[in-house]
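2 protein chains.
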Amino acid sequence: MKQIALLGATGSVGKNTIQVVQAYPDDFRIVAFSFYQNIKAGRQLIESLRPRYVAVGTEKDALSLAKEFPKTAFGYGIKGLETAATLTEVDLVLTGLVGSIGLQPTLAAIEAGKEIALANKETLVMGGELVMAAAKQKKINILPVDSEHSAIFQCLQGQNQAEVQRLMITASGGSFRDKTREQLKEVTVEAALQHPNWSMGKKITIDSATMVNKGLEVIEAHWLFDREYSEIEVILHRESVVHSMIELTDGAYLAQLGASDMREPIQYALTYPNRKKIVPAQPFDFTEIGTLHFEKIDFHRFPMLALAYEVGKKGKVYPTIFNAANEVAVAAFLQRKISYLAIEWYIQKAVDEYNLDENSTLEGLLAVDQQTRKKVNQWINEGVYR
Amino acid sequence: MKQIALLGATGSVGKNTIQVVQAYPDDFRIVAFSFYQNIKAGRQLIESLRPRYVAVGTEKDALSLAKEFPKTAFGYGIKGLETAATLTEVDLVLTGLVGSIGLQPTLAAIEAGKEIALANKETLVMGGELVMAAAKQKKINILPVDSEHSAIFQCLQGQNQAEVQRLMITASGGSFRDKTREQLKEVTVEAALQHPNWSMGKKITIDSATMVNKGLEVIEAHWLFDREYSEIEVILHRESVVHSMIELTDGAYLAQLGASDMREPIQYALTYPNRKKIVPAQPFDFTEIGTLHFEKIDFHRFPMLALAYEVGKKGKVYPTIFNAANEVAVAAFLQRKISYLAIEWYIQKAVDEYNLDENSTLEGLLAVDQQTRKKVNQWINEGVYR
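The listed protein sequences derive, respectively, from chains A and B.
As numbered in my numbering, residues 1 to 386 make up the first sequence, in order.
As numbered in my numbering, residues 1001 to 1386 make up the second sequence, in order.
Calculated from the structure, these hints are not laboratory results.
In this text, all values refer to a predicted model and were calculated from it rather than measured experimentally.
Among the clues, some could well be false.
Stated by the list, open to error - Derived Cβ-Cβ restraints for the label pairs, each shown as a range:
{"id": "1", "chain 1": "A", "residue 1": "Asp226", "chain 2": "B", "residue 2": "Glu1363", "range": "39 to 49 Å"}
{"id": "2", "chain 1": "A", "residue 1": "Asn160", "chain 2": "B", "residue 2": "Ala1191", "range": "41 to 51 Å"}
{"id": "3", "chain 1": "A", "residue 1": "Arg336", "chain 2": "B", "residue 2": "Thr1287", "range": "33 to 43 Å"}
For every residue, glycine included, the Cβ atom is placed at its ideal position computed from N, Cα and C.
All chains should be modelled from the sequences, with the hints used to inform the complete structure.
Take a look at the structure:
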């Protein structure tokens, strides 16, 4: 019985994780979880999962839920997430949080010796150096939950690390892959939210369209698999059937493929190094898909991917700026405050104008994160670019 | 330094093996080899490789070459192949022989404790039970050299055997894949020899067109990977980029992909469990290939694949009959004695009319092999079907 703390229980990773856990009640139990705004869904989960501990967004929510569910302990904010992630009985922490908030609880969980199943890529984008060093010191596995990183991780099993010469991350191209940059000027929030292959949260769906998501994945892969950026390539693959690949020294590629089913990488992280049937199974037939396409990435069409490589190579606090600016800009786009192309513009501006003298300690990263958010929000409110 | 006996040195597997060996002279040395009809190429190889021992087809050839090359020992026939495969200094035997002649020297090599790199699929088609039992007893690796089986073998590394639920062998469909059965009535030898993706020997190129080759591969996979026929599937994949796949219990697929370069599986068998650069490398770019297709196999269009599953499941001497009838019929087709569709007809007839009372000992298998050849040759000479 693996006891799990699930951070971000009402999001799409959270929901899929709960399906996996409920399919194998003798193997997994969620003993703690967190949710933020979706109180209604959170309340249902408390009823069905009967967790030991729940972290919510605010003190007010914690207090009112504590009255309603006297058998469960409640906390809130970052402290609440950290408590959930470090409970004595927890074996594994699955972080399905969205955004930079994932970093601190993950670090706390590693310090407490918990295995990590990581869906929150911002954790490594911001704190890759800190997180991987802590995991190494504590001899903790960081198990990827993102389908691309899980694919690479699955391909790497049984391979000699020194014989892996390249990671190839596939990109669907997102909801606007067939639009020119000229056409992007006019796109709506609704259109942006139509991902061709995956059903995911809003923020990551927008990030797929801008390829900021792919950029974050490149940076995540850099840390997770200890690879130079020159060894990480992105390839456009519309069908998302090949979830990602590795190239070996002899020119052979190994790929992991299958249905676009988030339960597969989630379950693999939970059962690793073993596998189990997905229940209920999602049928998948190569011959029904028929055709797989592979295309070169056009970095002029997707400048945020080029920028992600750039901030990744610069390192230090740059990926934090890139990520924070993106979070603020995407939120503003979803609130219809700025246009789609303004997302890119604000990220580029934030990266270009960086002149803070912070180092990449946890405190330094969190400070840069906050300062970037403040600055980008200010620009947006001033209407610098719409 | 791995010392190699190369059976079938002048064929396409042999030539590619020599390229691999010559790229890494400090790692590999061919100390013995065999060739059959191509005396000119064989003589050149003796000069360049300076082997300890060479096996040829006939006593006459052995005697005349022995005079010419006094520093090399010569033998001939099955005994010659067995001697080459069992020399004391040999570490690994690579059998690139064509047809059923591969079985006896492979068994002899296993008995002598040599590692086996197997390109001769007929060895396992005929003698799968004997060969795998001997290899198990002697704790010998049978390393696949066929691109499909090497792909599966590469995907299986690091995986738990019990979590592999299916092997998926890809088939290009061969030179006539876009022809109807009606159109097959008129095809020529020249057209049959135009394989769309791989440059190989004549016999295997014809076998690709009839899919007898894919059938032999299914039977080989059954033995090599210890899998039921229901767990082995063939899928039509025109580009031969995905060399084969495995499906795991959680619905994930692992695939091995790359250039259609025979040196890759050959070299992997020689370097296993490690890998080395292919020298010179064959450039490969997914985005240049662009599109990969997958289609269901039409068993009415390719009845020999259905028949291969049938003889595989029946087991015992049936695969030997299937294989022997095919060898004779393909030779007759190449000599323009029979039509393309007659190949299938004679194989089916041989399997249908089998009523010999032989068991599947080595002697029994060899007897059935000989009797089938005799019978099919007789039918062909009588012109039963053209």
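Against the structure, the hints come out as follows:
At about 57 Å, the beta-carbon gap between aspartate 226 of chain A and glutamate 1363 of chain B misses the expected band of 39 to 49 Å. For asparagine 160 of chain A paired with alanine 1191 of chain B, a C-beta distance near 44 Å keeps the hint of 41 to 51 Å intact. Checked against the given bound of 33 to 43 Å, the beta carbons of arginine 336 of chain A and threonine 1287 of chain B, roughly 36 Å apart, stay inside it.
Of the hints listed earlier, the one the structure fails to meet is number 1.
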